[in-house]
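Let the hints inform the model, and build the full structure from the sequences given.
Protein chains in written order, with numbering that gives the first Met the number 0: chain A, 0 to 229; chain B, 0 to 229; chain C, 0 to 229; chain D, 0 to 229.
Honestly, the hints are just simulated from the structure, not real lab data.
It is possible that some hints are incorrect.
Any copy, or any two copies together, can satisfy a pair, since identical chains are not distinguished.
To be verified - Okay, derived cross-link-like pairs now, EDC-like style, lysine to aspartate or glutamate, Cα gap no bigger than 20 angstroms in a straight line:
id	residue 1	residue 2
1	K208	E132
2	K218	E132
3	K218	D138
4	K208	E140
5	K136	D118
6	K202	E108
7	K149	E108
8	K218	D155
9	K213	E128
10	K213	E132
Now for the letters of each chain:
Number of protein chains: 4
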Amino acid sequence: MHDQLRKAVCDANIQLPRHNLVIYSWGNVSGIDRSAGVVAIKPSGVAYDDLTPGKIVLLDLDGNKLNGELNPSSDTPTHLELYRNFAGIGGVCHTHSPAATAWAQACREIPCFGTTHADFYYGPVPLTEVMTEQAIKTDYELNTGKAIVKRFADLDPAQFPAVLVANHGPFTWGKDASAALESMVVLEKTAEMALATITINPKQGPITKALLDKHYLRKHGENAYYGQKT
Amino acid sequence: MHDQLRKAVCDANIQLPRHNLVIYSWGNVSGIDRSAGVVAIKPSGVAYDDLTPGKIVLLDLDGNKLNGELNPSSDTPTHLELYRNFAGIGGVCHTHSPAATAWAQACREIPCFGTTHADFYYGPVPLTEVMTEQAIKTDYELNTGKAIVKRFADLDPAQFPAVLVANHGPFTWGKDASAALESMVVLEKTAEMALATITINPKQGPITKALLDKHYLRKHGENAYYGQKT
Amino acid sequence: MHDQLRKAVCDANIQLPRHNLVIYSWGNVSGIDRSAGVVAIKPSGVAYDDLTPGKIVLLDLDGNKLNGELNPSSDTPTHLELYRNFAGIGGVCHTHSPAATAWAQACREIPCFGTTHADFYYGPVPLTEVMTEQAIKTDYELNTGKAIVKRFADLDPAQFPAVLVANHGPFTWGKDASAALESMVVLEKTAEMALATITINPKQGPITKALLDKHYLRKHGENAYYGQKT
Amino acid sequence: MHDQLRKAVCDANIQLPRHNLVIYSWGNVSGIDRSAGVVAIKPSGVAYDDLTPGKIVLLDLDGNKLNGELNPSSDTPTHLELYRNFAGIGGVCHTHSPAATAWAQACREIPCFGTTHADFYYGPVPLTEVMTEQAIKTDYELNTGKAIVKRFADLDPAQFPAVLVANHGPFTWGKDASAALESMVVLEKTAEMALATITINPKQGPITKALLDKHYLRKHGENAYYGQKT
Chain A
0 MHDQLRKAVC DANIQLPRHN LVIYSWGNVS GIDRSAGVVA IKPSGVAYDD LTPGKIVLLD
60 LDGNKLNGEL NPSSDTPTHL ELYRNFAGIG GVCHTHSPAA TAWAQACREI PCFGTTHADF
120 YYGPVPLTEV MTEQAIKTDY ELNTGKAIVK RFADLDPAQF PAVLVANHGP FTWGKDASAA
180 LESMVVLEKT AEMALATITI NPKQGPITKA LLDKHYLRKH GENAYYGQKT
Chain B
0 MHDQLRKAVC DANIQLPRHN LVIYSWGNVS GIDRSAGVVA IKPSGVAYDD LTPGKIVLLD
60 LDGNKLNGEL NPSSDTPTHL ELYRNFAGIG GVCHTHSPAA TAWAQACREI PCFGTTHADF
120 YYGPVPLTEV MTEQAIKTDY ELNTGKAIVK RFADLDPAQF PAVLVANHGP FTWGKDASAA
180 LESMVVLEKT AEMALATITI NPKQGPITKA LLDKHYLRKH GENAYYGQKT
Chain C
0 MHDQLRKAVC DANIQLPRHN LVIYSWGNVS GIDRSAGVVA IKPSGVAYDD LTPGKIVLLD
60 LDGNKLNGEL NPSSDTPTHL ELYRNFAGIG GVCHTHSPAA TAWAQACREI PCFGTTHADF
120 YYGPVPLTEV MTEQAIKTDY ELNTGKAIVK RFADLDPAQF PAVLVANHGP FTWGKDASAA
180 LESMVVLEKT AEMALATITI NPKQGPITKA LLDKHYLRKH GENAYYGQKT
Chain D
0 MHDQLRKAVC DANIQLPRHN LVIYSWGNVS GIDRSAGVVA IKPSGVAYDD LTPGKIVLLD
60 LDGNKLNGEL NPSSDTPTHL ELYRNFAGIG GVCHTHSPAA TAWAQACREI PCFGTTHADF
120 YYGPVPLTEV MTEQAIKTDY ELNTGKAIVK RFADLDPAQF PAVLVANHGP FTWGKDASAA
180 LESMVVLEKT AEMALATITI NPKQGPITKA LLDKHYLRKH GENAYYGQKT
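Okay, structure coming up:
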């Protein structure tokens, strides 16, 4: 049942430590089958080395578990809130990767300092508001998702496939689990470079709108010309 | 004699260089059998590659050696002082891991900047007082342990399984040798992220009490809901 | 057809991730056969693991494709502009390597802080001007090359086999594809050390002209005495 | 002829890239047979992968070559000056390891910030004076050695087995080639930690004399009690 989805989600989770994005079980990737309304996600607290497609937890979009005995990731309500609100996404990734988490902990957006960033994000990587005490105490993981959705009121999730949750860390997404993972790898590298950039020049500002447009749009949208025609 | 304890302590020591926590012989892990009152610890100055369970040194809680000819780690009196005072711990780890040691050398507690930290430590990672000349000159390693115990007068070692010894480096602990090692791995990653956080925003303050409670208590204590019921 | 050139260019591209200079397809190396006027370059968006000499794209110096169906790197017009203007070079490399890119993003030349730098570059690693909106909107990649050539109006490309494109990242070159790659490896290491240098001492100035001359000229030029006579 | 010495020196050189101290041929280790007055050193510009004991160059203390056709390292006159002046040393190592080189480029001694440092160096890692134009232009490599020897006028090379040459990088030494290499590994790690320490607390001062004495002397000298009696 949903074997392909579970295998894809399992594979993406197993890649997390290989990209130095996580230690122990500090991250999770999910994927969704939109036609069936089924989400597949890592079980909570299970080591990546022990993951198999059969251990991947299946749920509906309301969070009802559809299989097995393992608990899903404690971050599941955040993932589900993103799937419910960002219709175009097919995979979500959450980690505590060091550089992106440092920006989230510093409560700073990642400015678009260069073309590496502009190739993937159409502006600064957004940061959520600090959560209120009330939002933390009740339905915390769901409210984390709501904070992200609120931040995207005027942003297109397709143009910004990443967010920093203040005091916490990054979530990324894409067309499937593998793309969500790739967005996390890119975010971490971008965050590392941005940290080094402000170390060299603390007053450095973002690139121009013209350069941002050029790089983002040569890879994304109808006039893209990067890569091979497929 | 105490074969399992020695094997567990040997294994945890061998893991130290694999987690990039030590070079040469810059660290040691111990474990205790509380019912027998026996502590097992790495021999002093022996390379990790050469360690075998048979080379692990056994001592009673007063430091009397129970086996073999190898000297125990020169840090043994510190380990013993922790076992004598922190009744709930079963393993202790000491390293000079780079980021945690940098905080210890900078004589700064590690503030709780985010949920990564809050998942493991119920507040800032504490720092001992700088030791007096007298405490250094006589029974230095024992006094290092006393400085840690003094710092924990109002702290629960179960809620803070790590400390920074000022001008020196970290000690961590847990329910056994393996858990003490894991706490060291977590501390080093937390210290790296905290360093990057203050590089991005030197004025960043700690997270709120509500967020600290939420993350610490969802993994620890009777209402924890992270991971699998076991 | 041009099998050796294609193999050399393929090999240099495959080395990029092994030197931690790129992730995904974030970089490209080219080489030129000057007598035939043929440039060989990486195809756009193809993973390094999938590269074979047969997939390397051949072009003339005006950018006309001479073989196959794969598109060349989107940075090809920059490479070609360098070959057309720097008569002595036989290979070009472009990456988004983290430290060199950070200097480019910070819009700072890399000062010559030490002999490591002076062994390879006869002064600071130059930085291009920020590109105008007009230059970005039309023939962007060609204009990137023109910005580099303009910056070298009074510099000898043989003495400075590297440049930082402002807001973007590094280009390097050499006598062939392999030498261009080596210059990128050296640049990245030099950029890392320079970043650490200004972290330790933000006011550090460059080395003296005498020391620069000594180190650069003991490895380069007619009186060089480093290495083996060949 | 001097097979053991050549093998030991070859082995130490081969270890340099494995400890991430060098790329390409950016470092060299030598050793001396004091009774024979013979120094063995890496040939200049040869890749570590290509080194064999037979390629190691032998010289007398005046720099006269005793074997083969390969040129010795261009840094040979510096090594020889150290052997002539520091009677107790049996091996010398020179690299451009990133963190130690950054301190040398920043023209700063490495303060003794903690016990990691105090376990190996009996105070701050010393820095040479910036060399004069005259000293650079004539017999540069010899004068580099003289600058080191001058800096040690009031220091014991056995208590400080490392130096930073201003604007250049580190030299280390020990009782043989292997010990010189180990001192370089320790120096690089110490330099990394010191860099992180001042990033956290730019005003951090050195540890007390009492703590320095305790740690240095528990590992060195007649009352040492670290390690195993041998």
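Could you place K218 and D138 in one of the four classes (within, between, both, neither) given a Cα distance threshold of 20 angstroms? between (38 angstroms within a copy, 16 angstroms between copies)
Checking an output row: K218 and D155, CA cutoff 20 angstroms. Within, between, both or neither? within (16 angstroms within a copy, 34 angstroms between copies)
Indicate which option fits the pair K208, E132 if close means a Cα-Cα distance not exceeding 20 angstroms: within, between, both or neither. This pair counts as between: shortest inter-copy Cα distance 9 angstroms, intra-copy 37 angstroms.
Alpha-carbon proximity context of K149 and E108, limit 20 angstroms: Close inside one copy (15 angstroms), not across copies (34 angstroms); limit 20 angstroms.
Evaluate K208 and E140 at a C-alpha cut-off of 20 angstroms and name the case that applies: within, between, both or neither. Between copies only: 17 angstroms across, 35 angstroms inside.
For K202 vs E108, is the C-alpha pair at or below 20 angstroms within one copy, between two copies, both, or neither? Classified as both; 15 angstroms inside a copy, 16 angstroms across copies.
20 angstroms Cα threshold - placement of E132 relative to K213: So K213 and E132 pass the 20 angstroms test across copies only (10 angstroms; inside, 42 angstroms).
When no copy is specified for K136 and D118, does a C-alpha distance of 20 angstroms or less occur within a copy, between copies, both, or neither? Between copies only: 16 angstroms across, 38 angstroms inside.
Within, between, both or neither: how does the pair K218, E132 come out at a Cα-Cα threshold of 20 angstroms? Answer is between: at 19 angstroms across copies they meet the 20 angstroms cutoff, but 41 angstroms inside does not.
Within, between, both or neither, where K213 and E128 count as close if Cα-Cα is 20 angstroms or less: For K213 and E128, the Cα distance is within 20 angstroms only across copies (17 angstroms; inside one copy 30 angstroms).
In this structure, none of the earlier numbered hints is contradicted; all agree with it.
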